[in-house]
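Construct the complete structure from the given sequences, taking the supplied hints into account.
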Amino acid sequence: MGLAGGSVAGRGPAAGGRVSGGGTRADARLGGLLLVPALVAFGALFCYPALLTVVLSFRPEGAESGWTLASYAAFLGDPDARRVILLTFGLALAATLASVLLSVPLALVLRRRLPGHRFFRTVVLVPLVVPGLIGALGLLIFWGPRGWFNLALTQAVPILTRPLNVDYTIPGLVLFYVWLYFPYTCVTTLAAVESLDPAIEEAAQVAGAGPWRCLRHVLLPLASPGILAGSVLTFMAAFGAFSVPLVAGGDHRPLAVEIYKQIVVPIPPHWSAASAIAVVMATVQVAFLAVYLRLGRRRGGSR
Amino acid sequence: MREAARAYGQAFREARTLLAYTLLVSLTLFILAPFAMIALRSVGRGWFGKRWLPPELTLEWYRWAVEVGNIPEVLKNTVIIGGLAVLISTAIGLTAGWAFGRCRLPGKELLMALLLLPLMIPPITYALGVARLFYALHLVDTHVGVALAHVAVCAPYAIMVLSASIEGLDERVLEAASVCGAGPGRRFLHVVLPLLLPGIVASAIFTFTHSYNEFTLTLLTYGPHTVTLPVRTYLAVGDGYWEITSAMAVLMVIPSLLILAVVQRRARPERLVGGFKGA
Amino acid sequence: MIELRGVTTRYGSVVANDRLDLVVRRGELLTLLGPSGCGKTTALRTMTGHVRPTEGRVIIDGCDVTAVPTHRRELGMVFQNFALFPHMTVADNVGFPLMIRGLARAERSQRVAETLRLVRLEAHGAKYPRQLSGGQQQRVGLARALIYRPKVLLLDEPLSNLDARLREEMRFEIREVITRLGITAVYVTHDQEEALALSDRIAIMHRGRLAQLGSPEEVYGRPASRFVAEFVGLSTFLEGRIERVEGGQMVVAVAGGRLAVPARPGAAAGQPALLLVRPNEIELLPADAPPGDGVLDAVVEAGTYLGDRMDYRLGLPGGLRLRLQAGVATRLRPGAAVRLRIPHGRALVLNPSDDAA
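Residue numbers (the numbering used here), protein chains in the order written: chain B, 6 to 308; chain V, -6 to 272; chain P, 120 to 476.
Take the hints with a grain of salt, since some may be wrong.
Listed next, the stretches of chain B that the computed footprint assigns to chain V, with coverage defined by at least 3 CB atoms under 8 Å from CB atoms of chain V [claimed, not checked]:
(1) 72 to 82
(2) 144 to 154
(3) 287 to 301
If you anchor each label on the Cβ, the simulated ranges turn out as follows [claimed, not checked]:
(4) 229(B) with 4(V): 31 to 39 Å
(5) 221(B) with 319(P): 37 to 45 Å
(6) 117(B) with 168(V): 43 to 51 Å
(7) 232(V) with 45(B): 34 to 42 Å
(8) 233(V) with 166(B): 22 to 30 Å
(9) 176(B) with 183(P): 47 to 55 Å
(10) 188(P) with 51(V): 53 to 61 Å
(11) 118(B) with 353(P): 38 to 46 Å
It should be emphasised that the hints constitute simulated quantities derived from the structure, not laboratory data. These numbers come from a predicted model, not from an experiment. Don't be surprised by glycine CBs; every beta carbon is placed ideally from N, CA and C.
Written as structure tokens, this is what we have:
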């Protein structure tokens, strides 16, 4: 297509062109030229579709023109819809809190660099590189009625005659979210604690602070920007989760799944309703993104 | 007395180490056990009821996946789409990367953040628009169409990796080539490209893996001719045959684990986080 | 007051401290001096408890604290890179040890104000460390280390991160504060000038072992080995052979002349001897000066005009080279023959078996 042709043509002469010297204007012009393929792709594959979604959200359902807020009103006014929003927020919040509770001790342990720590650091990264679908599948099997968890539980606690229901429940979903998204928090927390000058902790120790007080007064306050940034990432990921709740959510449908269901279940598809939900969701995500970037900038400047 | 104090201190330290390892091992089980179960489920026969391991091992699920589940066709689709996505993304990555890495542009950071936006917003939100657009352009259920949808999330990675590579090119090597008499074209071919090759390969691997794993956008732009592995696996979940699904899942997870193994040995993998959102 | 007894610390095949025996007396400032890698920092960190010795004991004020964790040893420490808490104000930094010990806020602020006055930072209590200069930050570190009246104050190269001019000023300030409080202090440095200026006693360390322990005068004037002599002050070594021993003196023949030095026990004619002379003690004489005890022949190899002095490179028979500075009036040319005089008693005998490598 035109896109592919344009970018290939742009590669040869332009990329081999002036590297050093030349005025700023020439450089900027070359830079602008070279950005065209990226901008075209960005525009056509992201901006325009996003715009389309926004426009669709203001169309009456099934119509080709016209403007209305009916989809938004329907969505925000519907008690079911409010439950969906609450569910999405709740899951994300619970998962984030649990991730922080898991990540902080984990980071402190990994920091000690016990033998084998490289292996464990890699393990922490596994949920990040594996597609969410696969993670969801494995979690469903493992925590399901015939999975190892319930097997171990029923064998260890003989009074339990029936397996514990984890799959398709809300606590189960939170657990799955934590499995998938805690690495964001853990990695940034670990980076934060490892970037601390060890002499500072030593100074606290010599001054009389035992390990617990060192943690409370020195380590955690200094690492908190990193912990916070990581938890915002986890929250964003959990809020936007799609493939996992799609497969493992059962009757519980957070926002992303709700959008999909509006397209797939009703015939004809409810494009407007789905778009309205999408716009709401994207707005929340962008807001959190802004928070994350603000945190990042403040972290960089304060040292 | 002194010896007792010493011994107590030693025991305390050892207890803390034991606790640390307990946490680490529990974490490893928590994370890796689901994969173990998938793998075993994919080769187990008659594994229902209360058993730790499947009573019999078999490859029939894989055979079923190949014969009835159409896996070769699915893999073919996945690879074709992935290849196209890589090609387009690399082209975009090289041009944009050159602009970011070597040209003086105003507002570079802002521009870069903008181009990375598709990674930060859940794909489902703009996938709707992509789906509508592709319906109108008759791109649904075409390899090119799905590949283009993938480019939205793959190109940013290519841009990130390649602009870093290009920025790392030593200006003086390029000058030396000019002084030796090489014009822009030959300099690109004989000096720039070979120097960039590791970066291009890395970018290609990343991009391919992301396309291979891509689910959300594919779900909204695929058709019967362009079923990819993630979509096929998802459909298998709907069918309810855990064993088949597990076999497909095993096939699906291989590139990701390979990448992990490679990456963790070379760079500090922690740098991957920060511009990264799960599917 | 604080003592290392038989402390040996091994990291794999590296021995950082080797059977170290060190006693720091109450009220003194003892410096651990040595090149990098000699084990002085390890020894200090063994005292604080950050390093656990493979063998040996740490004793503070009569109690064996080897098994006691760092935060209960009641020591104070000043760090090379200051190690201030960046998220706390100066006042909170200094008051931190008192907060840990549970002192009430009112008493805490009073003590903090007192201690800040001690280091002349009373106006900066509300500032954050990043707003202070290097010297000021180090004074905060000092205040934080002293506020709870620790048994011993430990200083780990506290002046290395400051620029040269500031270093000299701070040197005197630190010494003054320590003397005023009468506190026992252990100071670690690789700067021998610092050590000589500050210390009551100096412990020179080399390869994990104690090379010499003594007052600055002892260490400079009577170095126990070639290593100590080379490390503290400038040195010229003359290798020679004992010609004869009579009375309490032995006459050693070196390239270019002979010297009479106090005899060492067991000296006999024919033995090798190693003599140390501080270059600034050597006198430059014209070539026709009378020969005699302590007079050596030499030849000028090069002379550099430095404005207020001449810097000469001299060669002695046997290949030894010497650097000497003399007045501008001497104006000697390369090739000129001269005589050097080592005043009686300014040459020291060292053990030739001491390794200095």
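Exercise for the section: Go through the numbered hints given earlier and state which of them the structure violates, listing their numbers in rising order. Expected result: Hint check: 1 fails alone, others pass.
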